[in-house]
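Peer 1: Assembling the complex is the task here: the two chains are given apart, and the hints tell you how they should meet.
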Amino acid sequence: MSSIKVQIMDCPISIDEICLSADRGTFGAEVSFLGVVRRWNHGKKVIAVSYDAFQPLTENIIEEICREAQGKWGKDLGITVIHRIGRLEVGEISVFIHVKSVHRDEAYQTSRYVIEELKHRAPIWKKEHYEDGETAWLKGHALCKENHAVDKA
Amino acid sequence: MESVGITIRLFGAFRKFGNGSEIEISVRCGTNLKELRVLLSQYLRENDPKFSETLVVDSAIANDTKILTNDFCIEKSCTLAILPPVCGG
Chain A
42 MSSIKVQIMD CPISIDEICL SADRGTFGAE VSFLGVVRRW NHGKKVIAVS YDAFQPLTEN
102 IIEEICREAQ GKWGKDLGIT VIHRIGRLEV GEISVFIHVK SVHRDEAYQT SRYVIEELKH
162 RAPIWKKEHY EDGETAWLKG HALCKENHAV DKA
Chain B
2 MESVGITIRL FGAFRKFGNG SEIEISVRCG TNLKELRVLL SQYLRENDPK FSETLVVDSA
62 IANDTKILTN DFCIEKSCTL AILPPVCGG
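The listed protein sequences correspond, in order, to chains A and B.
Per the working numbering, the first sequence starts with residue 42, numbered consecutively.
Per the working numbering, the second sequence starts with residue 2, numbered consecutively.
Accuracy of the hints is not assured; some may be wrong.
Under the rule of at most 20 Å between Cα atoms (straight-line distance), these lysine to aspartate or glutamate pairs were calculated in the EDC-like manner [to be verified]:
#, chain 1, residue 1, chain 2, residue 2
1, B, K67, A, E109
2, A, K46, A, D57
3, A, K180, B, E54
4, B, K67, A, E100
Don't read these hints as lab results, they were simulated from the structure.
Given the structure is predicted, the values throughout are model-derived calculations rather than measurements.
Extracted from the complex, chain B is given alone in its bound form (with noise of 0.2 Å):
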């Protein structure tokens, strides 16, 4: 199965992963968001063993325009971003 390479943009309390922008993460194509995020979770684990996934089943996974839901399928590398609960103001 082809891999296709993804940017995934990081914010708020996922800032002190990869860079503090941004990590990227190979996944095979056709992959939807549900099974992102048990990727996104396990890459997250190595970097932080005391990672709690729960902060990735709160967030929401979104593209620059609009938040994208559980069925959205990766088909070509791509930029997305994961967004922790929000509390701005």
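So here's chain A without its partners, still in its complex pose (with noise of 0.2 Å):
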């Protein structure tokens, strides 16, 4: 049975509740990705990261990606993306993907092709916030080549 669950949250993740629900048996392979906040960036020391998100399409978007994964790798595929927004401090879980397959290969790939999408994709964005008291929006993907062409045409 597949299954797709994404969720934008401003609370700490719980993996553990995640992990221990998963449904044991049916799948031979999990994968778990963490993706955590930083205390170094480009040489400056980072004390928190605050994440914005645009939620509905953030949603909608991170499901095409999990729906395009299993395309790729099977529609048995199980997919959970959990992305937190707000301020986190740093050791503090961004995002967590746990996949489930019946093979380890696919949960791996899949697992990548997630993450990798995601930050091009997702309307997510993170300001870190510095020891001197400095913070700066990070500098990302543009979403939108076609004013690129239309601007340098």
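Peer 2: What follows is the structure, given as structure tokens:
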């Protein structure tokens, strides 16, 4: 049985709750990916990261990414994606991806595909808070290539 | 030409504008998104002379369900969102 669960949440992600509720026995492999707020970025000491998201569209796009993964590696994949919003301290989990599949190869490939596509396509932003009191929105991937084509034509 | 009021939701680097959540501007009926970008750049520059319109060029415009293309025309009052380059994860 396949399933896709996507959630954007403003409170800590409970990994145990998700992993322990997994349907053990049906799937032979489970792969979990955790994205974690790290202390250093480009030589600057980070104390926290604030995540912002356009929630309805983010959920739609991540679900679309998960469906694409099922199309590539199997309709029976179970995929859970949870992304935090709000302020997270160093060490907190920002994103959790849990993939269940019959065999491990599909689980590994799906996990990698989902996180890479999420980083390029999901309308989520992060602002780093530094030790010296400064903040900065991080540069990212443009969702609309059309503008560059028009303006550079 | 009839004008319509639209609400533009703000995210990421755009949150320093307006009330931090959205801005409201008036456009003529039939304005497409390429024209809206010009209007939006003007509005933002009036509020911050250092504003770089590159950010608007690099941003997508969307409604709640999908990213819209430049030929999308605004025919009535609506809520849109401007989405700067993304970096989730």
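Peer 1: Each hint: holds or not?
Peer 2: Against the structure, the hints come out as follows:
1. B:K67 with A:E109: holds (17 Å)
2. A:K46 with A:D57: holds (16 Å)
3. A:K180 with B:E54: Distance ~15 Å between K180 (chain A) and E54 (chain B) Cα, so the pair holds.
4. B:K67 with A:E100: holds (11 Å)
In this structure, every one of the numbered hints holds.
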